[in-house]
Structures are given as C-alpha cells and as structure tokens.
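Asks: The primary structure of each chain is shown beneath.
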Amino acid sequence: MAERRNADRRSADRRSPLAGFAARFETASAGGALRLAEIPFLTQLNLRVDAKSPAAERIGRALGTTLPVEPGSAVRSGDLTVLWLGPDEWLVLGPDEGEAEIGAGGAGLRDRLVEAAGSADGHVSVVDVSAQRTTLVLAGARARDVLAHGCALDLHPRVFGPGRCAQTLLARAQVVLVARETDEFWVLCRSSFAGYVAEWLLDAAAEYVT
Amino acid sequence: MTENLPDHPDWLWAAAEPKRSYDVVIVGGGGHGLATAYYLAKNHGITNVAVLERGWLAGGNMARNTTIIRSNYLWDESAGIYEHALKLWEGLEDDLGYPLLFSQRGVLNLAHSLQDVRDSVRRVHANRLNGVDAEWLEPEQVKELCPIVDVSPDVRYPVLGATYQPRAGIAKHDYVAWGFARAAAAYGVDLIENCEVTGLDVRDGRVTGVRTTRGPIAAGKVALCAAGHSSVVAAMAGVALPLQSHPLQALVSELLEPVHPTVVMSNAVHVYVSQAHKGELVMGAGIDAANSYRQRGAFHIIERQMAAALELFPVFARAHVLRTWGGVVDVTPDASPIVGLTPVDDLYVNCGWGTGGFKATPGVGWCYAHTVAHGEPHPLSAPFSLDRFTTGALVDEHGAAAVAH
Amino acid sequence: MLLIPCPWCGPRDEIEFHYGGQAHVAYPEDPAALSDEEWARYLFFRDNPKGRFAERWSHSAGCRRWFNVVRDTATNEIHAVYRIGEPRPVIA
Amino acid sequence: MTSRPGEVVRFRFDGRDYEGRRGDTLAAALLANGVRRVSTSVQLGQPRGIFSAGGEEPNALVQIETPFPEPMLPATTVEICDGLVATGLPGKGRLADRPDPARYDTVHAHCDVLVVGAGPAGLMAAAEAARGGARVILADERPAPGGSLLGTAEAVDGLPGRRWAAERAAELDGLADVRVLCRTTVFGHYDDNYLVAVERRTNHLGAAAPATTARERIWRIRARRVVHATGAHERFPAFAGNDLPGVMLAGAARTYVNQYGVRPGRRAVVLTTNDTAYPAALDLAAAGIEIAAIVDVRQAPGEEWARRCAERGIDVLTGHVVTAARGAGELSSVVVAPEDGGQARDVPADLLLVSGGWTPVVHLFSQAGGTLRFDEEIGAFVPGDTQARDVRLAVEVAGSARGVPTLSGCLRDGAEAGRRALAAAGFAVPDQAPPPAVEDEPAAAPARHLWLVPAADGDGDDYREHFVDLQRDVTVADVLRATGAGLRSVEHVKRYTTAGTAHDQGRTSGLLTSAITAHALGLDVADLGVTTFRAPYAPVSFAALAGRDRGHLHDPVRVTAMHDWHVARGAPLENVGQWKRPWYYPLDGEDMTAAVLRECRAAREDVAMMDASTLGKIDVIGPDAAELLDRLYTNMMSTLPVGSIRYGVMCRPDGMVFDDGTVIRLAEDHFLATTTTGNAAAVLDWMEEWLQTEWPSLRVHCTSVTEQWATVALVGPRSREVLAGLAPGLDVGNASFPFMTWRDAEVAGIPARVCRISFSGELAYEINVRSWYGLALWEAVNAAGVTPYGTETMHVLRAEKGYPIIGQDTDGTVTPQDLGMAWVVSKKKADFIGKRSFSRADTVRPDRKQLVGLLPEDTGRLLPEGVHLVEPGGTRALGHVTSGYRSAALGRTFALALISGGRERVGERLHAAMGEEMIPVTVTHHVLYDPEGARRDG
Ligand SMILES: Cc1cc2nc3c(=O)[nH]c(=O)nc-3n(C[C@H](O)[C@H](O)[C@H](O)COP(=O)(O)OP(=O)(O)OC[C@H]3O[C@@H](n4cnc5c(N)ncnc54)[C@H](O)[C@@H]3O)c2cc1C
Ligand SMILES: NC(=O)c1ccc[n+]([C@@H]2O[C@H](COP(=O)([O-])OP(=O)(O)OC[C@H]3O[C@@H](n4cnc5c(N)ncnc54)[C@H](O)[C@@H]3O)[C@@H](O)[C@H]2O)c1
Ligand SMILES: Cc1cc2nc3c(=O)[nH]c(=O)nc-3n(C[C@H](O)[C@H](O)[C@H](O)COP(=O)(O)O)c2cc1C
Ligand SMILES: [Zn+2]
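Chains as they are written, first to last, in the UniProt record's numbering: chain R, 1 to 210; chain B, 1 to 405; chain V, 1 to 92; chain F, 1 to 938.
Simulated from the structure, these hints should not be mistaken for lab results. What you were told as hints is all true, and nothing was included just to trick you.
Below 25 angstroms or equal to it, Euclidean Cα-Cα: the simulated SDA-like pairs (lysine to any residue) are: (1) F:Lys828 - V:Glu29; (2) F:Lys828 - F:Trp686; (3) B:Lys19 - B:Ala186; (4) F:Lys829 - F:Thr843; (5) B:Lys19 - F:Arg488; (6) F:Lys835 - B:His398; (7) V:Lys50 - B:Leu386; (8) V:Lys50 - V:His79; (9) F:Lys828 - V:Ala26; (10) B:Lys19 - B:Arg206; (11) B:Lys143 - B:Asn267; (12) V:Lys50 - V:Glu77; (13) F:Lys829 - V:Asp30; (14) B:Lys143 - F:His554; (15) F:Lys827 - F:Trp686; (16) V:Lys50 - F:Asp192; (17) B:Lys19 - B:His44; (18) F:Lys827 - V:Tyr42; (19) R:Lys52 - V:Pro87; (20) B:Lys143 - B:Asp154; (21) R:Lys52 - F:Leu698; (22) B:Lys143 - B:Val155.
Next up, chain R with everything else stripped away, as it sits in the complex:
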C-alpha cells in the first residue's frame, strides 16, 4: 500500500524539462503545417557492447531485434527503438517506466538488458540516461524546413528518411535526431538544453506557422 502511494506520488512529482512549453507547442501546432510536442519520460538506456560479441546477440534477443550496426540507422521493435550512436554504442528508447528504482531491481528494461548482457563477457555497459535527455517530436510538411535552419545534415527524404538517426548539432545544441516517419522527426536533447532547443524551434517555426 505504502509502495503504491509512493509510486503515485512520484509520477505526480515528475516534471519533464519542457513541461512549461506545452501551451506554446500547441499554439505552434495549430495551423497544421507543423506539429511540435514533447514526449516526456521515455526510458533511455545507453548501451555499450562489442557488436560481434555473444553478449550483443543476447541483448538483441532481449530487445527483439539485432543491434543495428550500420552507422546512423535505427530499428524499431515493438515499443522499443534502438539507435546507432557509435560503433559500439546504442541508445535504446522505450516507453515510460516511471517508477523504476535507482540501481538494479524490478523488471525494468535496464535490468532485462543487464541480465541479457550477463557478466561473463565483462565489458558491457547499460547506463540509464532516461532523464539525461528529453524527446521532442517535430512533424508535418514543414518539419524538414524547420530543422534545416539549424541542422547541417542533408535531410532529403532519400538521405535521411525513416530508419535514419544521427547525433549532430541543432543550432548550438547537440541532439540525437531520429527520422520516425517520412515527415516526423524526434529530436532528443539534453535536459539542460531543452529550453534553448524549444525556444529555438519555436522561433525557427514562426515563419511556417503564422
């Protein structure tokens, strides 16, 4: 019973970095050319493992997909998304698991991966970074145009279509950019930069939404 209360209390107390922007995002999305919103509290795990190791294979099984090894690619498996970040580094995105404890315990995604990694091969790291970044969704016909104001990547649908992801710069902030659908992007940015990124996006969008 006490457990339950704590959990409720916790979700009530949680505040995402862009909670204060919801209304402005809605206004910007009203015209239809663009949709801008925060997806708060996604579970995010930074995974480091040798892609060719048995541990990677086991982790893949736990995720329901092999780890993407092509640079800049993302795979989806159920409600999970696995983003290639580097030759031995991935970001695993999953749904909000709000109540997970610090450290091990419970049946959270992190524990599943840690368990899959096993200890035999040693050198695997699964680090919870769920609160390190928040996720913005930017969608609609003008989404690419808005991003192109601050992102030097070639965002042409043939080059950066669904299934692509990249760590790069958006204006002056580091972001992880994910092409979800043809006209839908996720922008993952560090929590401390989130306000800046949001302000920047709203400013860049002004021309398209008014």
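Given the coordinates of chain R, work out where chains B, V and F with the ligands should sit on it, guided by the hints.
Replies: This is chains B, V and F with the ligands only, laid out in the frame that chain R set:
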C-alpha cells in the same frame, strides 16, 4: 567631410637585388623583420643587412592584423616587453618620420562573468605594479566611453565591467611597416622581395647562409622573423619549435560615420572591434581550430563573430561586411612568444607572437636586434627563451590575460 | 567549414569535430626515465608541417570516436582518413 | 518617359518625392526622373552619378532611411518600394540609433550541383544537370533570372530573352529536386564546396513585408559540384573626367533602356574598345536617344555593326579616343580626338557610354583556390585549369565568366558545364539536347585593350582627373605616385592608393589598376596580376551573418530542473559557462552581503541547501575502470572500497591542475566521477581521448550522466536530522553512514542516491535523484525548513575550508602541491598523467606561488579578488588574491591568495596593494575553519 588618410611619402624604398653575402640576413619582411633591421642599423650600427621576403614586403600578418596596441598583459615578463614597445610607439612617428596614425584611443577589455571580473581586476593590479596604466571600469563607465556598447543586464552575457588602458590604441599597419622599411633602407639595409628562403646552411653547428629562390646568400648571422611560417623555416636548420600554425581572420565594414571611439575587446563574447581612421569597422575573429597555412579561415568563425558583435553592439545590425581575410599565426603552448638563441650558433629566432605581435613590433625589433648584435638575449626578451619549455618556466598568458590581440 | 569524413558517420561539417593535433604521438613508455628535454619534447613540441599532416580528430558532436586524418595544411585537402591504431597510409 | 507602363511606386530621395515603377531599381527610377547626381565622392567631394546597372556600381551609393536605416547600398541594387526614403551618400554610411526589428535566419542546403548565376550559361547548366536527375540549386542575385538577357533585347528560341529565361527558370523550379533562388548572392566559396549565399527576402516588399519572414537569409550550401556562371563585368578606360555623372558603362545604359524603359540621357557619345557597345548604341538609338558618335579606338568594328550604324545614321569614329569628359558637376560635352594626335573636338552630350571590354567575374572561382590565367584575346584574367593545382576543384566555369563572348556560345558552354558537373557528381549524362536558337549574332571584330587615354594637349595631363577607382577617388596620378615611390607589387599599390578597397572592391576597376601599374613599371599585366579576391563577393549585413544567434538565442542557456524555483524566489543568476546558477537568495530588503552572511550562517549553524545539479557526472564502467581512473587522477582510485567516495584531482601532462571532483565507487567495475560545472564536457573528452587514442586496450566505457541527476546539497549541523526526516528508511547514523560513503534510499518518497560529502566543511549530504524529480526533491527539502543558498555562499564556505575552485584559485599554472594538496598526489603509483612534470626545474622551485590564507589586519576590510601582494615597502608582486570574502563563521574578512613561496611566509605581514593604498595582511595557512575536519566527520 570625411577624414582623409595622410599621404605616404613620395619615396619609400628601392627593390634591392640580393648580394652574395651579408653580416645579418633577416628571414621575413614583416613588421618584426623590418623593425629588427632598423634597430640593427640604428642602435647597433649594423647595416650590411638583408631582409628577405618571399612575397611582397609586409604582406604577411603585418598586412592583416587588426592593429590593436596595448601593453596590459598579466605577467611581469610580458608587461616588460609590451610596455617597452608601447613607449617606443609613443615616439615612433617622429623617429621614423612617417605618419603612423598611432591613436591612443584606449582599449577596453570587457568582463562578462564573475570569473572574468576577477581575472580582469587581477590584471589591472598587476599592470599597475608594472607601471602600466590600467583601470577597472564599471558598466556605466564603459557606456560613457563607448556609448554603443549594450550594457543592459538582460542580455545573454551582460557586461559586468571592463579593464581600460587609456594609452592603448591602434595604428595604421601598412604605414608602420613602410615606415620601418623606408628608414631601414635609408640606412642601407637591402629589402629583397620575392625571395623565398628555401634552405639554411648549417656547418659544424653554425649557420653560414641561406638558400633562396634567388640564389644562395652567405650570412654571418641569420635572424628568423617568419611568423606563421617559423616552423617551416626553422626546420630547414633542424630546429624544432613548439608552434602550431593556424588561420586567423579579420574583417572590415564599409566606411561609416563615427560611432565607435575606442577599441573594445571581449573574451567571453569573442569579438574585438575598432573603427579605423577611414571609418571602417575593423573586427577580429578567432583562430581556426585546425592547423593550416591557408591565408583564409572557415566561414562559421565569421558568423559567430558577427553574432558576438551584435550582442555587444546592437546598432551594428545593418552594417555590412565588406571584406574578410585571414593570416597564418604561429601559436605557442603558453601564448607567449619565443625570442632568442637556438641550438644552432648564429641562428636566432623570433616567433610565436600568435594573434598578438603587431603591438610588439618596435619593442621586439629593439630587443631582437640587441640579441642578434650581441649574441645574447636582451634582458626584456630573455624570459621568452626557447628553453622555458624544458624548465617549465612558461609565461602563460592564456588563462588570465583576456583575448590575446 | 571543412567536410570531414568520419570513418563511421560519413562526411560531416567541421564544427561537429574536435581537433586533436598531431597523430601518432605516443605517451612515453616510462616518463620517469626521460630527461627534462625529452619530456618537454613530448609535452610541447608537435610537428607543424606545411603540407601533408597526420592529425587526430574526434567526432565530438557525433559518434564521439577519435580517428586520424591525413590533410594537406597548405590546401586543406584531406587525403586519407583512418582509424586509431591503424598505420598512416602511404599516399602517392 | 513618364509614360512607362507598370504599377506606380512612390519614394523619396534626397528630400524630394518621386514616382517609379514596381520592379525599378532606385537607380532606374532616379534616371527616369532625370536625377543624375546621386552621391558625392568620398575624398574629393565630387558629384557622382550612376555608372552601372548592377552590384558592381562604384558611384551611386545611397543611405536608406525608411523603412529602416541601412548604410551604403548601391542604388543599382535597391528595389524601390512604396515609402522608401533614401539619400545619396557622401562616402560614409550611417547606422541606426535604434535596434533593428527585423528577423534574420539561416538555412542549410545540399545539392549535387550548385549553379551560381542564372544568365544564359547558368540556366543551361542548371537545366542540363536537372535533366540528368541531379539535385540542383540555381542562385542569382538579381530579382529575376536571365542575367544579361534582362538588359539586352536578344531573343532565344524565338522568345525575348527575358521571357525565355523566366520560362526556363519556372520549369526548373517546378522540379522536385531543383531550387531556384533569386535575389540571392552567393558571396563565399569555401573549402570542400561550402558556399554561402544571402537571400534578400523582404526589402522589395517595403511595409508589406510579413513580420515573421526573415528579412535576409543566409544559405549554407554544400554542393558536390559547383558551376560558376557568374558572367562578366564591363570595364572602362581611364580618361580625364571619367567620373562625371553622365559617364556610364555601355551595357548598363542598354539595360536601363531595355529592362526598365528608362532613357539615361538624351544625347550620347559612345567610347568603345570592342563590339559590344554597338548593340548598346543601337538599342539606345531605337529608344530615341541621339547617338552623337561612336568613338571606337580600333581601326574597324565588326562589319555588320558598321553597316547597322550606317543604316541608322550613327557616326562611327574609328581610331579615335575620348580624351576628356567635361561638365560642371555633370557631363555636358565629350572631347573626341583621333588617337594619333589629330584635331580634338568637343561634342555636346549628356551621356557618355564607355566600354573597355569585359572582365570575367572570377571572384568565387579565385576564392575557391582556383588560379587565374591572362587571356590575351579578351584582355582579362580568366579561370585557369581547375585540376592544375594540388587542390582539385570540384568546379566548372561557364559562359562569359570564362570569357565566352557570344550568347550562343554561353548557352552551349553552360549546357556543357552542366553535363560535366553531372558526370563528375556521378550521374549518367543524358543525350545532348539541341541548343536553344539564337538568331541575331553578328561576327565580332577583335577587341583592343586600351587602358589609359592621355588627355589632349594641355588638358590635365597630370592624370589627376583620370579616375581608376571611382569609389575611392583614386586616379592614375595616384597610381603613378605609388610606383614612383618604389612600389612594384600591385598589392602595395592597392594599399598606397586604397584602390579596390571600397564598397565595390574594385569590381569594374581592379584590372584597370593593375594595367596602369604594369604600364608604369614597364611590365605585362599578365605577369603583374591582380589583387586577391576575398569573400564576401558583395557586402553582407552583420545581422544576416548573425542569423538567429542573437538575444536569448545567442548562446544556449543551460538550466537545472530547479531553475524556475530559483527564478521565482528572486535569486539573481550567475553565468557559469552556459549555465545559469542562482547566486544568492535575497530576502526582502536584503542586499547581497546580508543575504550571503545569512546563508553562510544557516549552513554553519543550522541547515541549508544548494542546487548542485550542474556538476558534471560521468559514469565509468568496465573491468579496467579503476585502472583508467588511477592513470587520470593524481591519487589512487583503485583502492577505493565499493560504497565509498574519494576526492580527486586531475592534471594535464604538464602537471598543472585541470579539474577536481569526487569519485564514488558503485561496484568493483563501476564508478561515478563528478567534475566541476565548467569542465564536464572537457573531462569526458579527456577521458575518451586517452581511452581511445592511447589506451584502447583498457576495457572501460564512459557515459555522461550530468543531466540524468539533479543534486541537492544538504549542509549544516542539522542536515542529518533533516535527512532522517525525509528518508525514514535510511540509517543516517554516523557509524552506518559515515563521511565519504554513499547509500541508495528513498528521500521524500523519491528514489535517490545520497552521498555524504562536503564541500563546505560541515556535516553534509548530496542527494541525487533523476532530474525529473529535481524540483520535487528541492521543494520537499525546502519545506523541511532548510535555507537555500547560492553559488556565492558556496564559495565562501569552501574558501573558509581552503578548498580551491579550479579556475578561480587556479589559472592553469598551478600544481596540486602549489595548492597545498600534496596529499592528493600519490607517491605509490608508478605514473599518472602529470606526474613527470612535478620534477621539472620550474615545478620544484621553492618560490612557486602557493595557496595561502590572508587575514587583513582590519578585520572588516574586504580584499578584492585580483589584488596583488607586496612586501612592505616593496613593489614586486608576490602574487594575488584569488578569493576574498566576509566570513560569518570567522567573524571577519579573509582571503585566499597565490603567493610566491607562500607556505614559508605563513605568519608574515604583507601588503595588499590597492593602487596607492597598502592594506596590511597576515599570511596564514589556507584552511581557516575547522582545520581538524571535526564538523564534517561528526
Ligand atoms: C587577422 C589577424 C589579426 C591580428 N590582430 C592583431 C592585433 O590586433 N594586435 C596585435 O598586436 N597583433 C595582431 N595580430 C598578430 C600580428 O599580425 C603578428 O603577430 C605580427 O604581424 C607578426 O610579426 P610580423 O609582422 O613580422 O609577421 P609577418 O608580417 O607575417 O611577417 C613574416 C614574413 O615572413 C615571410 N616569410 C615566411 N616564410 C619565408 C621564407 N621562407 N622566406 C622568406 N620570407 C618568408 C612572410 O611572407 C611574411 O611576410 C593579428 C594577426 C592576424 C592574422
Ligand atoms: N565578352 C563578354 O563576356 C560579353 C560581353 C557582353 C555581353 N555578353 C553576353 O552576356 C551573356 C553572358 O551570359 P552568362 O550566363 O555567362 O552571364 P550573365 O552575365 O548573363 O549572367 C550571370 C549572372 O550571374 C549573376 N551572378 C554573378 N555572380 C553572382 C553571385 N556571386 N551570386 C549570385 N549571382 C551572381 C549575375 O547577377 C548574372 O545574373 C551572353 O549573352 C553574352 O553574349 C558577354
Ligand atoms: C586594419 C585594416 C583595415 C583594412 N581596411 C580595409 C578596407 O577598408 N577595405 C578593404 O577592401 N580592405 C581592407 N583591409 C583588408 C585588405 O584589403 C586585405 O584584405 C588584407 O590586407 C589582407 O590581404 P589579402 O586579402 O590581399 O590577402 C584592411 C586590413 C586591415 C588590416
Ligand atoms: Zn562519427
């Protein structure tokens, strides 16, 4: 009407043909090489001197710098040589008989964070003990001196104050170079253009001459003044220098009615700007991160420069960039120069002035000429020997000494 | 703005990278055994050639990997990109 | 020509109201209104008119006043809009005295082929590239595509050139992967085909411009291939009086007539060295301008042109020159003479068309690193071999930009360039399409390259009226003076005379300057060369370059999860790197001093809290994690027990302190390292650098978790009690939770990691939660009656304890030993980064600057940070105050200082030199408060 530039003299110098040998060969015809030649002749009576320049005289960094002159450096060693230079600047027009447009309009170094303030105040106090004029100004005083600086507290990096050196200022770079060139030539120094040094002859640990695109030239002593190319030239004698060469850019606006009466530099919001005599805003940017010998830098440096400029000077919004350019600067690990002897006898080195050696031109010419003439360092340049990197006695002007220009 | 081919991410703008200076400068086996001169060489002296230069870059705003590049400092042309640990390629 | 068709636009120039037509440039509209004097020259104050019809204009510079003040624009590039107010400039522009309300932005673009210039060559290049499937961007600085076709009456494929161009461009723009940008000047060509352009999006709309549209936009274009189809600028020879209003480039006059329907004069003389002035003369004649004579310096023009002139009754004076243009402030007559010295005559005229040939626009090509070659036939520098140098340029040049003189030639050349670009970008090249048809193209007679026309006898032969650079008022006499002073390089001549340094960067005059210099030196201009081309090709506003990076978007603002609370509570914020941190929390009526003293007392005597979330946090995991940390920190981390915490210092290899922080051991193979706020990214980079480049065999992974955690520091004698209340499940007893250990627990119902560490010297804890909970935790702790404190109090508390702040008490020249922290330097480890440097000659000097405490004799006297210390009576600086505060705990002021041989001086009396004033102080040990550490351990 507008302020016209003073005329250059009717006669500057004659292009000299290289002779077979000289007492002293100076490699590099920038400001430092020319000033060294001048003081060798004037102070030490050594006139059988050639200045070898691979391109057009003073066409290197001397033609490219933002001409800021100040002596408010942090460490005693730096204050010594830069203040010596500033004193020479104060009499240089008369000495050279050339209008140098030396304008002691003062230099402001802005502070934008509490740490900036600490560093600035520290420098002011250090300067005063070293006899260098320096003041700490509060934001309102900054505004008084330069009304177009935005000192409002609600900007991204508010101005929390500034150091001010009233005797600092600017001069007209080409006039300075040509003033030294003309005066050196008048003493009989050969100024040889389009003459690239391609090799240094070293016999038994002693330099004996240079090879050039215009033939070999014997030399009693060889004094390097090649700025951005110092590593390349020194390597010809097997001498390694702790230098990295980077492009550094600057730019000018169109001619504008007077708006900016002084010189403003900011470290945190990286920008430095003055309004030159004709009316153009002269602005410096930062170095490119990577080594390069291209006399041009990357564009994003200019964009950031402009963003910084508009933070401090909102009225600049609709001014236009007329021209950008770059020079190649030789940067040392401690942001201080290297002046003195080398492991090779009779081979001397003056380099590592990086982004800030214009202001030193007369001072270093003076000290380096002394070093070359006597075969031992001038007391003011002695701390800047090459062996400080071995002992560790660096003169680190990075951390606390604001932007190095 | 150089276009630097990250060996993993492909070509990206220079501002995504962090410059690391000369490549192949190994940390001395036994620093304690070095003379002050030798230690100073390690600390402060790096090649600074005008021409081809093997240098390190890190894709700091991307995959965070360090790698090596052979670039001509006179022209900025990139001649080769290779991973840490690989020998400097011979370029005709 | 008041009967010009088109929509009427009203504007004001130099205080008078005028009407123009939509689409007019200010220059065209002024000419239409008979205004010929537009500005005054910068040095001599001479009246100047309109010389060209494009961006190369050297004379007609104006200041815009309305809609918003903008300095120095060529009237030839300003599109008029209703309400425009402009004035002619006497050489200098004027900045607004109010903030610019306009928006500016930047866009990144990528393409296979970028075509610069939408003249006939560029249009064909773009069309061919697009036909092959490439992604194409076509950019032109003019409002409409067509280039020189806009100003000539030539037909292409049976259509007027202007229409042909518009149709081609519209077709292209309709394609999915093609973008046509007008009013867009490509102004820089940088390494790796990075080109930058500025698009002027709203100027021509005047007050109708939408507020959300960026006024100017910078395009950052990365192109696989670039086609420079930038055209050519007409040039002029130097003759006496060539600066008078009424003297105009021949092609420009033609443009005014054809494009704008404006007659730039009534009676014209034409001076030419080549055939291109003939169609200009004929077009003017057709528009009703009397052509008094064509003065051709050659012996014969092209036959067809001669015939057509004869047909129209236009006098062609071959072998003649114009020795002077005359008039009082405006052209009234032209002195024409046979070149071989015959009788000169004065021809009344209000217009003098000049054509000295065409100079290819090689600016961008040259910027890109291309070398130039002198083409004897056109008498100008043209692009050299793109593959000649070490850098192989991914560039083609097409049309008159590389000296192709004819329209049909430019069309063909453009198409070929497009096809070359296509192939080079890796596309299959489709079959060649038939080139557009050009009907009227008479064969040309060779041009003659004449640079300088000596004045007729007795008529100012000192060359003081022969202008070379109109904008800088540089004359042939000035150039001769430069060469006379001994100068032999055109770069020197430029700087001696200032030729080529004005707004137009010598676009129409640069070659002339070189030619005159070469002439004076007895050299060939081909050998002398021209001055360096630099970006920008045309002036660009500062604001455009700053783009969106202004105001609150100038640099990212980083904030913690508790930020809004700090702001709501009225805390002034301190910039620490990009972070905004609360500085102190004043209560009503409190000044900073009072607030800080109160906060300090709370921490020392009661309980206080601080937002410590900004500290960098790095997760270090792997079998070799301890080994990595041992190598990077000066002290030993491998011996740290799991569950414990150790303070550590990192040095650079030169032995100087670089960062410090705590390291907590989570598991045998798992650590969490904290860094200073400013150095978080640098330390992670540092770790990765060593790991990846030096020790790749170490099995360690480092991950930034700085923002994963929000951290509340809970400080003070009552902190244990407060913690116990918030975390009933945590045994907070000193024995079960001792100093320098950590525990996981629920705090205020939130999963937390509690570390018992102290940066204040008090009993203290740092409570870490996922940053989502940061605010909730903060509020919960605060609700327990805990006093919040800011960075200033933090600084005071740590200083009382002698804890240095890296970057405040150090400056990159300080070793751990200098800081009195020899204890943090392991004697056991064989090596770690920095160790070797501790035995260098300079690091073992006994007189190094060392961290000490200072107590002013006047206990109320605050020592300003940065003040220097001297021996009584001395002037040599021994060091400086790094930190200076009022201490509530000590009941007095105190300071930390770095002082030469400081530790040996403990007990000595020194002076802090405040200018003239000497403040006596006593040197003490740097730890002033609770040196035994009883409080934090208790
Ligand atoms: C954009 C920019 C802004 C700057 N701003 C300032 C400032 O505001 N204040 C300030 O004090 N300093 C400034 N500097 C730095 C200052 O310009 C230099 O420190 C100083 O000019 C260097 O000395 P120098 O004049 O002798 O160098 P240079 O003029 O560069 O002279 C070196 C000469 O050596 C020649 N050379 C090289 N190799 C050879 C060879 N093999 N054979 C023959 N000749 C050779 C070169 O061609 C060159 O002419 C700035 C520099 C730049 C690039
Ligand atoms: N001898 C000659 O060179 C000569 C003389 C007279 C007329 N012509 C005629 O001129 C035409 C030449 O055709 P073309 O296509 O080569 O050139 P063009 O002059 O017709 O077109 C060049 C276009 O490039 C644009 N441009 C130049 N630099 C630019 C930049 N940096 N950014 C954006 N736009 C830029 C110009 O505004 C212009 O519209 C032919 O019809 C030819 O007969 C040539
Ligand atoms: C202080 C200073 C002021 C300058 N003012 C101008 C100017 O008003 N107009 C201009 O075109 N160039 C100006 N320049 C730049 C030079 O034209 C030139 O770009 C610079 O000397 C570098 O040479 P380069 O571009 O030929 O390589 C100035 C340079 C300096 C150092
Ligand atoms: Zn990468």
